[in-house]
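**Student:** Sequence:
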Amino acid sequence: MIVRSLTCAAFAWGLFSLRAEAAPLPSSLAAPAPFPLVTATFLRSEFVAPGVVRGDYRLLTSSGPLHVSVVAVDLHEPTVRLDAVTAYDRMISPGETISAMAARTGAIAGINADYFDIGQTNQPLNIVVRNGALLHAPSTRATLSVMRDGSIRFGTYRLSGDGTTDPPLDDVAAALGGGPLLIANGRPAVDPNAPAPEETNLRFPVAGIATQTDGTVLMIAVDGRLPRLSVGLTRPELGALMLGLGASDGMATDSGGSATLVARVLGERFPRPLNTPSDGMERPVADGLFIYSSAPNGPPARLVYRPRTIRALPSVTVSLRGAITDAAGHLLDEPAPPWIITTPAVPGDGTAVKQVGSLEARIPVRVVDRITSLSVSPPRPNPDPGATIALSAIGLDADIVPILVGGRVRWSASSGAIDAAGRFHAGAHDAIVTASAGGATEQVVVLVGRRLARARFFDGALRWNFVTVPANGPGGLALDETCRCMRLRYDFTTAERAAYAAGEIALPKRAVGFGFDVFGDGAGAALRVTLIDRDGRMQRVTLARRVDWAGWRRIEAPIPDDLTPPIRLVSLYAVGTLGDAPVHASGALAFRDASLVIAGTP
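The sequence shown begins at 17 in the working numbering and counts up one residue at a time.
In short, the hints are calculated from the structure, not lab data.
Just to be clear, a hint being listed does not mean it is correct.
[As the list claims (entries may be wrong)] Calculated pairs, DMTMM-like style, for lysine to aspartate or glutamate (alpha carbon to alpha carbon, straight line, at most 20 Å):
id : residue 1 : residue 2
1  : LYS525    : ASP496
2  : LYS370    : ASP342
3  : LYS525    : GLU572
4  : LYS525    : ASP549
5  : LYS525    : ASP578
6  : LYS525    : ASP577
7  : LYS525    : ASP400
8  : LYS370    : GLU350
These figures come from a predicted structure and were not determined experimentally.
Sequences and hints are given; from them, build the entire structure.
**Tutor:** If you want it as C-alpha coordinates, here you go:
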(Lines of atoms letter the chains of each structure in order from A and count residues from 1; the text may use other names and numbers.)
(Lines give C-alpha, C1' and ligand atoms only; values in the text may rest on other atoms or scores of the structure.)
Protein backbone atom coordinates (compact mmCIF):
# COMPACT_ATOMS: atom_id res chain seq x y z
CA MET A 1 0.00 0.00 0.00
CA ILE A 2 1.19 3.50 -0.83
CA VAL A 3 0.07 6.08 1.70
CA ARG A 4 0.59 9.71 0.78
CA SER A 5 0.20 12.39 3.42
CA LEU A 6 -2.71 14.79 2.96
CA THR A 7 -4.16 17.58 5.07
CA CYS A 8 -7.33 17.04 7.09
CA ALA A 9 -9.21 19.46 4.85
CA ALA A 10 -8.67 17.20 1.87
CA PHE A 11 -10.68 14.51 3.62
CA ALA A 12 -13.94 16.43 3.88
CA TRP A 13 -16.56 13.99 2.59
CA GLY A 14 -17.74 16.37 -0.08
CA LEU A 15 -14.33 16.10 -1.77
CA PHE A 16 -14.18 12.33 -2.01
CA SER A 17 -15.58 12.23 -5.55
CA LEU A 18 -13.67 13.37 -8.57
CA ARG A 19 -14.51 17.00 -9.30
CA ALA A 20 -15.69 16.03 -12.77
CA GLU A 21 -18.36 13.90 -11.04
CA ALA A 22 -19.46 16.45 -8.43
CA ALA A 23 -23.20 16.42 -7.74
CA PRO A 24 -25.35 19.52 -8.25
CA LEU A 25 -25.98 19.41 -4.51
CA PRO A 26 -25.01 21.97 -1.86
CA SER A 27 -21.96 20.94 0.15
CA SER A 28 -23.61 22.42 3.26
CA LEU A 29 -27.30 22.60 4.06
CA ALA A 30 -29.01 25.67 5.45
CA ALA A 31 -32.63 24.66 5.06
CA PRO A 32 -35.21 27.20 6.24
CA ALA A 33 -37.51 26.75 9.24
CA PRO A 34 -39.08 24.51 10.37
CA PHE A 35 -36.05 22.37 9.45
CA PRO A 36 -33.97 21.88 12.60
CA LEU A 37 -30.79 23.92 12.99
CA VAL A 38 -27.91 22.20 11.17
CA THR A 39 -24.64 22.30 13.12
CA ALA A 40 -22.56 20.11 10.80
CA THR A 41 -22.93 18.73 7.27
CA PHE A 42 -21.03 15.83 5.72
CA LEU A 43 -21.68 15.07 2.06
CA ARG A 44 -20.36 12.21 -0.03
CA SER A 45 -21.40 12.33 -3.69
CA GLU A 46 -20.78 9.91 -6.52
CA PHE A 47 -21.45 9.53 -10.23
CA VAL A 48 -24.21 7.07 -11.20
CA ALA A 49 -24.60 7.60 -14.95
CA PRO A 50 -24.36 10.56 -17.35
CA GLY A 51 -26.63 13.23 -15.91
CA VAL A 52 -27.28 11.27 -12.69
CA VAL A 53 -25.47 11.57 -9.37
CA ARG A 54 -26.26 10.46 -5.84
CA GLY A 55 -25.53 12.22 -2.58
CA ASP A 56 -25.25 10.88 0.95
CA TYR A 57 -25.71 13.53 3.65
CA ARG A 58 -24.93 13.02 7.33
CA LEU A 59 -26.30 15.97 9.29
CA LEU A 60 -26.00 16.97 12.91
CA THR A 61 -29.02 19.05 13.88
CA SER A 62 -30.72 20.51 16.93
CA SER A 63 -33.29 17.67 16.75
CA GLY A 64 -30.72 14.90 16.41
CA PRO A 65 -28.72 13.23 13.63
CA LEU A 66 -30.13 12.83 10.12
CA HIS A 67 -29.19 10.61 7.19
CA VAL A 68 -30.42 12.04 3.89
CA SER A 69 -30.07 10.18 0.58
CA VAL A 70 -30.53 12.10 -2.68
CA VAL A 71 -30.44 11.17 -6.37
CA ALA A 72 -30.20 14.17 -8.72
CA VAL A 73 -31.20 13.82 -12.38
CA ASP A 74 -30.33 16.36 -15.06
CA LEU A 75 -33.21 16.13 -17.54
CA HIS A 76 -31.14 17.97 -20.15
CA GLU A 77 -28.99 14.83 -20.49
CA PRO A 78 -30.31 13.17 -23.69
CA THR A 79 -29.56 9.62 -22.49
CA VAL A 80 -31.79 9.98 -19.39
CA ARG A 81 -35.54 9.39 -19.14
CA LEU A 82 -38.11 8.91 -16.35
CA ASP A 83 -40.96 6.42 -16.23
CA ALA A 84 -43.56 4.97 -13.87
CA VAL A 85 -43.57 1.29 -12.89
CA THR A 86 -46.23 -0.68 -11.04
CA ALA A 87 -45.67 -3.88 -9.06
CA TYR A 88 -45.39 -6.72 -11.58
CA ASP A 89 -47.00 -4.32 -14.12
CA ARG A 90 -50.37 -4.89 -12.45
CA MET A 91 -52.84 -2.85 -10.43
CA ILE A 92 -53.70 -5.67 -7.99
CA SER A 93 -50.60 -7.54 -6.86
CA PRO A 94 -48.72 -8.93 -3.86
CA GLY A 95 -46.56 -5.79 -4.04
CA GLU A 96 -42.97 -5.56 -5.28
CA THR A 97 -39.88 -3.92 -3.80
CA ILE A 98 -38.38 -0.88 -5.49
CA SER A 99 -35.09 -2.78 -5.98
CA ALA A 100 -36.93 -5.60 -7.73
CA MET A 101 -38.84 -3.18 -9.98
CA ALA A 102 -35.57 -1.46 -10.90
CA ALA A 103 -33.77 -4.73 -11.69
CA ARG A 104 -36.75 -6.10 -13.63
CA THR A 105 -37.08 -3.01 -15.85
CA GLY A 106 -33.39 -2.08 -16.24
CA ALA A 107 -33.60 1.16 -14.23
CA ILE A 108 -30.52 2.77 -12.69
CA ALA A 109 -32.43 4.44 -9.83
CA GLY A 110 -35.94 4.78 -8.44
CA ILE A 111 -38.13 5.82 -5.53
CA ASN A 112 -41.45 4.60 -4.15
CA ALA A 113 -44.50 6.68 -5.02
CA ASP A 114 -48.16 6.27 -4.07
CA TYR A 115 -49.96 5.11 -0.96
CA PHE A 116 -51.64 1.76 -1.54
CA ASP A 117 -54.13 -0.74 -0.18
CA ILE A 118 -51.45 -2.33 1.96
CA GLY A 119 -51.79 -6.00 2.81
CA GLN A 120 -54.97 -6.41 0.78
CA THR A 121 -55.13 -5.71 -2.96
CA ASN A 122 -51.95 -3.56 -2.77
CA GLN A 123 -53.28 -1.40 -5.59
CA PRO A 124 -52.26 2.28 -5.66
CA LEU A 125 -54.86 4.72 -4.34
CA ASN A 126 -54.35 7.49 -6.91
CA ILE A 127 -53.81 7.90 -10.63
CA VAL A 128 -51.59 5.61 -12.69
CA VAL A 129 -50.67 6.52 -16.28
CA ARG A 130 -48.17 4.52 -18.34
CA ASN A 131 -47.35 5.12 -22.00
CA GLY A 132 -50.06 7.78 -22.02
CA ALA A 133 -52.80 5.31 -21.01
CA LEU A 134 -54.92 5.80 -17.87
CA LEU A 135 -54.66 2.57 -15.83
CA HIS A 136 -56.09 3.75 -12.49
CA ALA A 137 -58.52 6.57 -11.83
CA PRO A 138 -57.30 9.69 -9.99
CA SER A 139 -58.22 10.72 -6.47
CA THR A 140 -58.13 14.25 -5.08
CA ARG A 141 -54.55 13.86 -3.83
CA ALA A 142 -51.32 15.24 -5.27
CA THR A 143 -49.80 13.65 -8.36
CA LEU A 144 -46.57 13.71 -10.31
CA SER A 145 -46.74 13.68 -14.10
CA VAL A 146 -43.89 12.94 -16.52
CA MET A 147 -44.68 14.99 -19.61
CA ARG A 148 -43.89 13.82 -23.13
CA ASP A 149 -41.02 16.32 -23.31
CA GLY A 150 -39.47 14.59 -20.26
CA SER A 151 -40.22 17.33 -17.73
CA ILE A 152 -42.10 16.83 -14.45
CA ARG A 153 -45.27 18.57 -13.30
CA PHE A 154 -47.03 18.39 -9.92
CA GLY A 155 -50.77 18.85 -9.50
CA THR A 156 -54.07 16.96 -9.24
CA TYR A 157 -56.50 15.31 -11.65
CA ARG A 158 -60.27 14.99 -11.64
CA LEU A 159 -62.20 12.30 -13.48
CA SER A 160 -65.24 13.62 -15.36
CA GLY A 161 -68.48 11.77 -15.90
CA ASP A 162 -67.49 10.64 -19.40
CA GLY A 163 -64.28 8.99 -18.13
CA THR A 164 -61.82 11.67 -19.22
CA THR A 165 -59.49 13.55 -16.92
CA ASP A 166 -59.29 17.22 -16.10
CA PRO A 167 -56.69 18.36 -17.03
CA PRO A 168 -56.43 16.05 -20.05
CA LEU A 169 -53.63 13.52 -20.51
CA ASP A 170 -52.69 14.57 -24.06
CA ASP A 171 -49.14 15.65 -23.09
CA VAL A 172 -48.65 13.13 -20.24
CA ALA A 173 -46.44 10.08 -20.72
CA ALA A 174 -46.68 8.78 -17.15
CA ALA A 175 -48.30 9.79 -13.86
CA LEU A 176 -48.28 8.55 -10.28
CA GLY A 177 -49.92 9.56 -7.03
CA GLY A 178 -48.38 10.56 -3.73
CA GLY A 179 -48.74 13.54 -1.49
CA PRO A 180 -48.99 15.83 0.16
CA LEU A 181 -47.71 18.66 -2.01
CA LEU A 182 -45.02 20.29 0.15
CA ILE A 183 -43.58 23.22 -1.85
CA ALA A 184 -44.78 25.22 -4.86
CA ASN A 185 -43.00 28.05 -6.71
CA GLY A 186 -40.22 28.09 -4.12
CA ARG A 187 -42.52 28.45 -1.10
CA PRO A 188 -44.05 26.05 1.46
CA ALA A 189 -47.45 24.72 0.40
CA VAL A 190 -50.41 23.56 2.48
CA ASP A 191 -52.13 20.66 0.73
CA PRO A 192 -55.87 20.53 1.60
CA ASN A 193 -56.04 16.91 0.44
CA ALA A 194 -53.03 15.55 2.30
CA PRO A 195 -53.17 11.79 2.93
CA ALA A 196 -53.19 10.83 6.63
CA PRO A 197 -53.20 14.47 7.84
CA GLU A 198 -52.77 13.27 11.43
CA GLU A 199 -49.17 12.35 10.48
CA THR A 200 -48.25 15.90 9.41
CA ASN A 201 -46.15 16.71 12.46
CA LEU A 202 -44.92 13.22 13.30
CA ARG A 203 -41.19 12.68 12.83
CA PHE A 204 -40.57 9.45 10.91
CA PRO A 205 -38.85 8.09 7.76
CA VAL A 206 -39.91 10.18 4.76
CA ALA A 207 -39.50 10.19 0.99
CA GLY A 208 -40.28 12.72 -1.70
CA ILE A 209 -39.66 14.03 -5.22
CA ALA A 210 -38.82 17.64 -6.08
CA THR A 211 -37.70 19.72 -9.05
CA GLN A 212 -35.31 22.66 -9.35
CA THR A 213 -36.03 25.59 -11.66
CA ASP A 214 -33.43 24.33 -14.16
CA GLY A 215 -35.35 21.07 -14.52
CA THR A 216 -33.15 18.93 -12.26
CA VAL A 217 -35.19 16.26 -10.48
CA LEU A 218 -34.37 15.31 -6.89
CA MET A 219 -35.40 11.99 -5.36
CA ILE A 220 -35.04 12.18 -1.58
CA ALA A 221 -35.26 9.70 1.31
CA VAL A 222 -34.57 10.47 4.97
CA ASP A 223 -34.07 7.68 7.48
CA GLY A 224 -36.00 7.72 10.73
CA ARG A 225 -36.61 5.71 13.91
CA LEU A 226 -32.83 5.29 14.28
CA PRO A 227 -32.02 7.49 17.32
CA ARG A 228 -28.24 7.23 16.93
CA LEU A 229 -28.14 7.65 13.17
CA SER A 230 -31.27 9.44 11.94
CA VAL A 231 -34.35 10.68 13.80
CA GLY A 232 -36.49 11.37 10.72
CA LEU A 233 -38.47 14.45 9.65
CA THR A 234 -41.98 15.83 9.79
CA ARG A 235 -43.70 16.65 6.51
CA PRO A 236 -43.12 20.43 6.85
CA GLU A 237 -39.46 19.69 7.62
CA LEU A 238 -39.20 17.57 4.45
CA GLY A 239 -40.57 20.51 2.47
CA ALA A 240 -37.96 22.78 4.07
CA LEU A 241 -35.24 20.26 3.17
CA MET A 242 -36.37 20.39 -0.46
CA LEU A 243 -36.03 24.18 -0.39
CA GLY A 244 -32.58 23.83 1.19
CA LEU A 245 -31.57 21.56 -1.69
CA GLY A 246 -32.57 24.26 -4.17
CA ALA A 247 -35.94 22.85 -5.20
CA SER A 248 -38.92 24.98 -6.20
CA ASP A 249 -41.69 22.37 -6.35
CA GLY A 250 -42.09 19.04 -4.66
CA MET A 251 -44.31 16.51 -2.96
CA ALA A 252 -43.93 13.71 -0.46
CA THR A 253 -44.44 10.09 -1.42
CA ASP A 254 -45.62 7.22 0.78
CA SER A 255 -43.31 7.28 3.78
CA GLY A 256 -42.65 5.27 6.95
CA GLY A 257 -41.64 1.71 6.11
CA SER A 258 -42.47 2.29 2.44
CA ALA A 259 -39.83 5.03 1.99
CA THR A 260 -37.20 3.53 -0.32
CA LEU A 261 -34.65 5.16 -2.63
CA VAL A 262 -32.46 2.91 -4.78
CA ALA A 263 -29.64 3.60 -7.20
CA ARG A 264 -26.89 1.76 -9.05
CA VAL A 265 -23.74 2.13 -7.00
CA LEU A 266 -20.61 2.51 -9.10
CA GLY A 267 -19.08 -0.93 -9.57
CA GLU A 268 -22.33 -2.84 -9.04
CA ARG A 269 -24.72 -4.17 -11.65
CA PHE A 270 -28.13 -3.56 -10.08
CA PRO A 271 -29.56 -0.71 -7.98
CA ARG A 272 -29.79 -1.17 -4.22
CA PRO A 273 -31.28 0.87 -1.36
CA LEU A 274 -29.40 4.03 -0.43
CA ASN A 275 -31.50 4.58 2.68
CA THR A 276 -32.29 2.15 5.50
CA PRO A 277 -35.94 1.04 5.20
CA SER A 278 -37.42 1.15 8.69
CA ASP A 279 -39.01 -2.30 8.43
CA GLY A 280 -35.48 -3.69 8.52
CA MET A 281 -35.92 -4.74 4.90
CA GLU A 282 -37.52 -3.33 1.77
CA ARG A 283 -41.31 -3.23 1.89
CA PRO A 284 -43.18 -4.45 -1.22
CA VAL A 285 -45.05 -1.42 -2.57
CA ALA A 286 -47.45 -0.56 -5.39
CA ASP A 287 -45.51 1.72 -7.72
CA GLY A 288 -42.54 4.02 -8.16
CA LEU A 289 -40.78 6.58 -10.35
CA PHE A 290 -37.64 5.26 -12.05
CA ILE A 291 -34.63 6.62 -13.96
CA TYR A 292 -33.32 4.96 -17.12
CA SER A 293 -30.08 5.57 -19.00
CA SER A 294 -29.46 4.76 -22.66
CA ALA A 295 -25.77 5.73 -22.50
CA PRO A 296 -23.85 3.22 -24.65
CA ASN A 297 -21.29 0.78 -23.30
CA GLY A 298 -17.63 1.72 -23.64
CA PRO A 299 -14.10 0.60 -22.81
CA PRO A 300 -12.72 0.37 -19.24
CA ALA A 301 -12.57 3.82 -17.66
CA ARG A 302 -12.85 3.48 -13.86
CA LEU A 303 -11.26 1.22 -11.27
CA VAL A 304 -13.59 1.16 -8.26
CA TYR A 305 -12.96 -0.33 -4.82
CA ARG A 306 -15.35 -0.53 -1.88
CA PRO A 307 -15.37 0.96 0.62
CA ARG A 308 -14.54 4.19 -1.25
CA THR A 309 -13.21 5.73 1.98
CA ILE A 310 -11.77 4.20 5.12
CA ARG A 311 -12.10 5.58 8.63
CA ALA A 312 -10.70 3.15 11.16
CA LEU A 313 -8.79 2.55 14.36
CA PRO A 314 -5.03 1.86 14.04
CA SER A 315 -3.85 -1.49 12.65
CA VAL A 316 -7.26 -2.57 11.36
CA THR A 317 -7.23 -4.85 8.30
CA VAL A 318 -9.81 -4.08 5.61
CA SER A 319 -10.63 -6.25 2.60
CA LEU A 320 -11.78 -4.16 -0.36
CA ARG A 321 -13.84 -5.49 -3.25
CA GLY A 322 -13.08 -4.17 -6.68
CA ALA A 323 -14.79 -3.64 -10.03
CA ILE A 324 -14.13 -1.99 -13.38
CA THR A 325 -16.68 0.20 -15.15
CA ASP A 326 -16.83 2.19 -18.36
CA ALA A 327 -17.25 5.96 -18.47
CA ALA A 328 -21.06 5.65 -18.31
CA GLY A 329 -20.96 3.60 -15.11
CA HIS A 330 -21.74 0.22 -16.69
CA LEU A 331 -20.15 -2.68 -14.82
CA LEU A 332 -17.71 -4.58 -17.05
CA ASP A 333 -16.94 -8.27 -16.82
CA GLU A 334 -13.21 -7.61 -16.40
CA PRO A 335 -12.22 -8.68 -12.86
CA ALA A 336 -10.40 -6.38 -10.44
CA PRO A 337 -7.76 -8.05 -8.24
CA PRO A 338 -8.32 -8.27 -4.47
CA TRP A 339 -6.94 -5.47 -2.28
CA ILE A 340 -6.26 -5.76 1.44
CA ILE A 341 -5.31 -2.65 3.42
CA THR A 342 -4.02 -2.57 6.98
CA THR A 343 -4.34 0.88 8.45
CA PRO A 344 -1.20 2.50 9.92
CA ALA A 345 -0.40 2.04 13.59
CA VAL A 346 -0.61 5.77 14.33
CA PRO A 347 -3.44 8.26 13.72
CA GLY A 348 -3.32 10.39 10.59
CA ASP A 349 -4.64 10.94 7.10
CA GLY A 350 -3.43 9.51 3.84
CA THR A 351 -4.40 7.93 0.54
CA ALA A 352 -4.07 4.29 -0.49
CA VAL A 353 -3.36 3.92 -4.21
CA LYS A 354 -3.73 0.85 -6.42
CA GLN A 355 -3.12 0.58 -10.17
CA VAL A 356 -4.46 -2.05 -12.55
CA GLY A 357 -3.07 -1.48 -16.02
CA SER A 358 -3.76 2.15 -16.91
CA LEU A 359 -6.50 2.53 -14.28
CA GLU A 360 -5.92 3.86 -10.77
CA ALA A 361 -8.01 3.70 -7.60
CA ARG A 362 -7.40 6.11 -4.73
CA ILE A 363 -8.88 5.42 -1.29
CA PRO A 364 -8.74 8.19 1.34
CA VAL A 365 -7.72 6.71 4.71
CA ARG A 366 -8.24 8.37 8.06
CA VAL A 367 -6.90 6.66 11.19
CA VAL A 368 -8.19 7.75 14.60
CA ASP A 369 -7.23 6.48 18.02
CA ARG A 370 -10.54 7.25 19.73
CA ILE A 371 -14.22 6.91 18.86
CA THR A 372 -17.24 8.53 20.45
CA SER A 373 -19.58 5.53 20.74
CA LEU A 374 -20.13 1.89 19.83
CA SER A 375 -23.25 0.31 18.41
CA VAL A 376 -23.77 -3.41 19.12
CA SER A 377 -25.86 -5.63 16.86
CA PRO A 378 -28.31 -7.24 17.17
CA PRO A 379 -29.68 -4.58 19.55
CA ARG A 380 -32.08 -6.91 21.43
CA PRO A 381 -30.63 -10.44 21.32
CA ASN A 382 -32.69 -13.27 22.82
CA PRO A 383 -30.91 -16.67 22.65
CA ASP A 384 -32.03 -19.88 24.30
CA PRO A 385 -30.04 -21.14 27.31
CA GLY A 386 -26.90 -22.84 26.00
CA ALA A 387 -27.21 -21.31 22.52
CA THR A 388 -24.45 -19.33 20.78
CA ILE A 389 -25.10 -16.08 18.93
CA ALA A 390 -22.75 -13.70 17.09
CA LEU A 391 -22.55 -10.09 18.28
CA SER A 392 -20.79 -7.35 16.32
CA ALA A 393 -19.91 -3.72 16.97
CA ILE A 394 -19.27 -0.65 14.84
CA GLY A 395 -17.78 2.61 16.01
CA LEU A 396 -19.10 6.12 15.50
CA ASP A 397 -17.19 9.37 15.80
CA ALA A 398 -18.60 12.67 17.01
CA ASP A 399 -19.86 13.36 13.48
CA ILE A 400 -21.84 10.04 13.50
CA VAL A 401 -19.53 8.74 10.77
CA PRO A 402 -18.86 4.97 11.07
CA ILE A 403 -15.37 3.98 12.23
CA LEU A 404 -14.09 0.49 11.45
CA VAL A 405 -12.93 -1.23 14.63
CA GLY A 406 -11.93 -4.62 13.21
CA GLY A 407 -10.77 -7.03 15.89
CA ARG A 408 -10.02 -4.24 18.36
CA VAL A 409 -13.24 -4.75 20.34
CA ARG A 410 -12.86 -6.16 23.87
CA TRP A 411 -15.89 -8.20 24.94
CA SER A 412 -17.06 -9.30 28.39
CA ALA A 413 -20.27 -10.79 29.80
CA SER A 414 -21.78 -10.87 33.30
CA SER A 415 -23.25 -14.34 32.67
CA GLY A 416 -22.52 -17.00 30.11
CA ALA A 417 -19.33 -16.56 28.07
CA ILE A 418 -18.15 -14.47 25.13
CA ASP A 419 -14.98 -14.83 23.06
CA ALA A 420 -12.75 -12.24 21.41
CA ALA A 421 -14.75 -12.44 18.15
CA GLY A 422 -18.04 -11.54 19.86
CA ARG A 423 -19.51 -15.06 19.92
CA PHE A 424 -21.72 -15.19 23.01
CA HIS A 425 -22.59 -18.54 24.62
CA ALA A 426 -25.70 -18.09 26.77
CA GLY A 427 -25.88 -19.43 30.28
CA ALA A 428 -29.03 -20.06 32.29
CA HIS A 429 -29.79 -16.40 33.02
CA ASP A 430 -29.83 -12.95 31.40
CA ALA A 431 -26.48 -11.28 30.81
CA ILE A 432 -25.04 -7.83 30.38
CA VAL A 433 -22.55 -7.86 27.51
CA THR A 434 -19.98 -5.07 27.39
CA ALA A 435 -18.07 -4.02 24.26
CA SER A 436 -15.11 -1.60 24.47
CA ALA A 437 -12.92 -0.12 21.74
CA GLY A 438 -11.20 3.17 21.01
CA GLY A 439 -12.13 4.68 24.35
CA ALA A 440 -15.86 3.96 23.94
CA THR A 441 -17.96 1.40 25.82
CA GLU A 442 -21.42 0.05 25.08
CA GLN A 443 -23.55 -2.39 27.04
CA VAL A 444 -26.42 -4.50 25.78
CA VAL A 445 -28.76 -6.67 27.85
CA VAL A 446 -29.00 -10.20 26.48
CA LEU A 447 -32.32 -11.73 27.52
CA VAL A 448 -31.89 -15.48 27.76
CA GLY A 449 -34.84 -17.78 27.11
CA ARG A 450 -38.57 -17.10 27.14
CA ARG A 451 -41.58 -17.85 29.34
CA LEU A 452 -45.35 -17.80 28.84
CA ALA A 453 -47.56 -15.40 30.78
CA ARG A 454 -51.36 -15.30 30.78
CA ALA A 455 -52.89 -12.19 29.21
CA ARG A 456 -56.39 -10.92 29.98
CA PHE A 457 -57.29 -9.83 26.46
CA PHE A 458 -60.78 -11.31 26.18
CA ASP A 459 -62.16 -11.80 29.69
CA GLY A 460 -63.81 -8.40 30.11
CA ALA A 461 -60.82 -6.70 31.73
CA LEU A 462 -60.26 -4.68 28.55
CA ARG A 463 -62.72 -2.64 26.53
CA TRP A 464 -62.98 -3.37 22.81
CA ASN A 465 -64.94 -1.37 20.24
CA PHE A 466 -66.46 -2.60 16.98
CA VAL A 467 -65.33 -0.72 13.84
CA THR A 468 -65.77 -1.49 10.14
CA VAL A 469 -64.28 -0.26 6.84
CA PRO A 470 -66.25 1.46 5.39
CA ALA A 471 -67.75 2.79 8.63
CA ASN A 472 -71.06 1.61 10.10
CA GLY A 473 -71.04 -1.75 8.41
CA PRO A 474 -72.93 -4.84 9.61
CA GLY A 475 -71.55 -7.17 12.25
CA GLY A 476 -70.73 -6.75 15.90
CA LEU A 477 -68.57 -7.58 18.90
CA ALA A 478 -69.58 -9.30 22.14
CA LEU A 479 -68.13 -11.10 25.14
CA ASP A 480 -69.54 -14.63 25.42
CA GLU A 481 -69.60 -15.98 28.98
CA THR A 482 -70.45 -19.49 27.75
CA CYS A 483 -67.09 -19.96 26.01
CA ARG A 484 -65.29 -17.24 27.99
CA CYS A 485 -64.37 -15.68 24.69
CA MET A 486 -64.89 -12.61 22.51
CA ARG A 487 -66.89 -12.98 19.27
CA LEU A 488 -66.31 -10.81 16.20
CA ARG A 489 -69.08 -10.88 13.58
CA TYR A 490 -68.44 -9.62 10.04
CA ASP A 491 -70.35 -9.38 6.76
CA PHE A 492 -68.36 -9.13 3.53
CA THR A 493 -71.32 -9.87 1.28
CA THR A 494 -71.77 -6.18 0.42
CA ALA A 495 -69.43 -3.18 0.79
CA GLU A 496 -67.79 -4.08 4.09
CA ARG A 497 -64.09 -4.90 3.62
CA ALA A 498 -62.82 -5.23 7.22
CA ALA A 499 -64.32 -5.70 10.70
CA TYR A 500 -62.26 -4.62 13.71
CA ALA A 501 -62.11 -5.23 17.43
CA ALA A 502 -60.37 -1.95 18.32
CA GLY A 503 -58.72 -1.63 21.71
CA GLU A 504 -55.65 -0.39 23.55
CA ILE A 505 -53.48 -3.15 25.04
CA ALA A 506 -50.10 -2.13 26.44
CA LEU A 507 -47.70 -5.04 26.00
CA PRO A 508 -44.94 -5.67 28.56
CA LYS A 509 -41.55 -4.26 27.57
CA ARG A 510 -40.00 -7.73 27.32
CA ALA A 511 -42.84 -9.24 25.28
CA VAL A 512 -41.54 -10.89 22.10
CA GLY A 513 -44.65 -12.78 21.02
CA PHE A 514 -48.30 -13.51 21.74
CA GLY A 515 -50.93 -16.12 21.06
CA PHE A 516 -54.56 -17.10 21.60
CA ASP A 517 -57.15 -19.62 20.54
CA VAL A 518 -59.20 -18.72 17.45
CA PHE A 519 -62.56 -20.32 16.69
CA GLY A 520 -62.69 -20.49 12.92
CA ASP A 521 -65.84 -20.42 10.80
CA GLY A 522 -64.19 -21.86 7.68
CA ALA A 523 -65.31 -18.92 5.49
CA GLY A 524 -61.78 -17.94 4.44
CA ALA A 525 -61.45 -14.41 5.83
CA ALA A 526 -57.97 -13.21 6.72
CA LEU A 527 -57.06 -12.40 10.34
CA ARG A 528 -54.59 -9.70 11.44
CA VAL A 529 -53.54 -7.52 14.38
CA THR A 530 -52.19 -3.97 14.39
CA LEU A 531 -49.28 -2.96 16.63
CA ILE A 532 -47.99 0.57 17.35
CA ASP A 533 -44.60 1.23 18.95
CA ARG A 534 -43.07 4.04 21.01
CA ASP A 535 -42.38 6.18 17.93
CA GLY A 536 -45.91 5.86 16.56
CA ARG A 537 -44.85 3.32 13.98
CA MET A 538 -47.71 1.04 12.94
CA GLN A 539 -47.21 -2.53 11.79
CA ARG A 540 -49.82 -5.10 10.81
CA VAL A 541 -49.10 -8.74 11.61
CA THR A 542 -50.94 -11.43 9.65
CA LEU A 543 -52.14 -14.27 11.89
CA ALA A 544 -53.87 -16.23 9.12
CA ARG A 545 -54.16 -15.46 5.41
CA ARG A 546 -57.34 -17.53 5.34
CA VAL A 547 -59.37 -18.81 8.29
CA ASP A 548 -60.29 -22.00 6.47
CA TRP A 549 -60.75 -24.17 9.55
CA ALA A 550 -63.81 -24.83 11.71
CA GLY A 551 -63.46 -25.01 15.50
CA TRP A 552 -60.73 -23.91 17.87
CA ARG A 553 -57.09 -23.55 16.80
CA ARG A 554 -54.10 -22.02 18.59
CA ILE A 555 -52.51 -19.09 16.73
CA GLU A 556 -49.11 -17.68 17.77
CA ALA A 557 -47.06 -14.84 16.30
CA PRO A 558 -43.80 -13.03 17.11
CA ILE A 559 -43.70 -9.30 17.77
CA PRO A 560 -41.56 -7.73 14.99
CA ASP A 561 -38.16 -7.03 16.54
CA ASP A 562 -37.78 -3.71 14.71
CA LEU A 563 -40.62 -2.17 16.77
CA THR A 564 -39.40 -0.11 19.72
CA PRO A 565 -41.03 -0.78 23.13
CA PRO A 566 -43.38 0.14 24.65
CA ILE A 567 -45.68 -1.48 22.10
CA ARG A 568 -49.48 -1.39 22.00
CA LEU A 569 -51.85 -3.84 20.33
CA VAL A 570 -54.63 -1.61 18.99
CA SER A 571 -56.76 -3.86 16.82
CA LEU A 572 -57.66 -7.43 15.98
CA TYR A 573 -59.55 -7.69 12.72
CA ALA A 574 -60.96 -9.81 9.93
CA VAL A 575 -60.46 -8.67 6.35
CA GLY A 576 -61.97 -9.94 3.12
CA THR A 577 -58.70 -10.37 1.21
CA LEU A 578 -54.94 -9.97 1.46
CA GLY A 579 -54.49 -9.80 -2.30
CA ASP A 580 -56.07 -13.21 -2.95
CA ALA A 581 -59.57 -13.70 -4.30
CA PRO A 582 -61.86 -11.66 -2.02
CA VAL A 583 -64.20 -13.43 0.39
CA HIS A 584 -67.90 -12.66 -0.13
CA ALA A 585 -69.31 -14.18 3.04
CA SER A 586 -70.57 -13.36 6.50
CA GLY A 587 -69.47 -15.14 9.63
CA ALA A 588 -68.02 -14.91 13.11
CA LEU A 589 -64.67 -15.57 14.73
CA ALA A 590 -64.08 -16.07 18.45
CA PHE A 591 -60.98 -15.54 20.60
CA ARG A 592 -59.96 -16.86 24.03
CA ASP A 593 -57.03 -17.82 26.30
CA ALA A 594 -54.52 -15.15 25.30
CA SER A 595 -50.90 -15.43 26.38
CA LEU A 596 -47.69 -13.46 25.97
CA VAL A 597 -44.17 -14.71 25.32
CA ILE A 598 -41.85 -12.84 27.70
CA ALA A 599 -38.11 -12.83 27.02
CA GLY A 600 -35.54 -13.31 29.72
CA THR A 601 -34.60 -15.37 32.75
CA PRO A 602 -33.51 -13.09 35.63
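**Student:** Decide, hint by hint, whether the structure agrees.
**Tutor:** The hints, checked one at a time:
no. : hint            : in the structure
1   : LYS525 - ASP496 : 30 Å, violated
2   : LYS370 - ASP342 : 18 Å, holds
3   : LYS525 - GLU572 : 18 Å, holds
4   : LYS525 - ASP549 : 11 Å, holds
5   : LYS525 - ASP578 : 13 Å, holds
6   : LYS525 - ASP577 : 12 Å, holds
7   : LYS525 - ASP400 : 19 Å, holds
8   : LYS370 - GLU350 : 16 Å, holds
Violated hint: 1 only; the structure is consistent with all others.
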